[in-house]
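Dock chain W against the given chain U, drawing on the hints supplied.
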Amino acid sequence: GQNIDQPTEMTATEGAIVQINCTYQTSGFNGLFWYQQHAGEAPTFLSYNVLDGLEEKGRFSSFLSRSKGYSYLLLKELQMKDSASYLCAVRERTGGSYIPTFGRGTSLIVHP
Amino acid sequence: GAGVSQSPSNKVTEKGKDVELRCDPISGHTALYWYRQSLGQGLEFLIYFQGNSAPDKSGLPSDRFSAERTGGSVSTLTIQRTQQEDSAVYLCASSTRTSGGAVYEQYFGPGTRLTVT
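Order-wise, the sequence lines are chains U and W. Residue numbers are given in the numbering used here: position 20 of the first sequence equals residue 20, and the series is strictly consecutive. One gets the numbering used here by counting positions in the second sequence from 1 and adding 112 to each.
Derived from the structure by calculation, the hints contain no laboratory data. One should not assume that every hint holds.
Computed far set for chain U versus chain W, every beta-carbon distance over 10 Å [said to hold, decoys possible]: (1) A16; (2) L54; (3) F63; (4) R66; (5) S83; (6) H111.
Per the computed footprint, the stretches of chain W lying under chain U, defined by three or more beta-carbons under 8 Å from a beta-carbon of chain U, are [to be verified]: (7) 157–169; (8) 216–222.
Beta-carbon label-pair distances, calculated as ranges [as the list claims (entries may be wrong)]: (9) W/G115 / U/G28: 27 to 37 Å; (10) W/V124 / U/H38: 16 to 26 Å; (11) U/I17 / W/T229: 38 to 48 Å; (12) U/E14 / W/G128: 46 to 56 Å.
Beta carbons are placed, not taken as given, at the ideal position from N, Cα and C, and that holds for glycine.
The following block holds chain U by itself, in its conformation from the complex (with noise of 0.2 Å):
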């Protein structure tokens, strides 16, 4: 099993920078996606790490350390259009599955 925590909700300026943290606890780490929901949509993909580091794609960049269980997405000039839930995912190897679960998602509104 796991449990992931992300926080429920933040906010933040046009134009600025954002972390958004997320920590995990797991036996079976096998990578963890970060996606974004607009109201109303479906989730779509953002970013995966499954080595320490950081991964960076345009605005946005996804950092993880496996030995912390400690993840954050970084977003960059932030836009309107950014504001939206944020969810983090793990997946973990259980016997011969891959399943990814889903953190309650961090809802982030941007303001002018």
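Just chain W now, kept in the frame of chain U:
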């Protein structure tokens, strides 16, 4: 190309009735997942299909829930004798495959919003 599709988009049913929810994954994707999402909650894993292997049903909340995947493609989630607590958005996702270490991100369908009255 076509993404994951689900039908119906909305379903209102009376308590005690059975419902069937359909998912058409992306062609060629061998892994298929069902999740449900209640208001303000995270995605709750329900069931996982991978190729011809036996499905992982460890997330199904009760024996009223079942799912099948025919021909390695379309999947149907069935809820028997629906209860009000079954009200949620049911999301289906597919991925190319699953294995150790590689990305194989999930592609989600738009979901079915189920309301049990």
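Hint check:
no. : hint                       : verdict
1   : A16                        : holds, 26 Å
2   : L54                        : holds, 16 Å
3   : F63                        : holds, 17 Å
4   : R66                        : holds, 12 Å
5   : S83                        : holds, 16 Å
6   : H111                       : holds, 21 Å
7   : 157–169                    : holds (count 5)
8   : 216–222                    : holds (count 6)
9   : W/G115 / U/G28: 27 to 37 Å : holds, 29 Å
10  : W/V124 / U/H38: 16 to 26 Å : holds, 24 Å
11  : U/I17 / W/T229: 38 to 48 Å : holds, 45 Å
12  : U/E14 / W/G128: 46 to 56 Å : holds, 49 Å
The structure agrees with every numbered hint stated previously.
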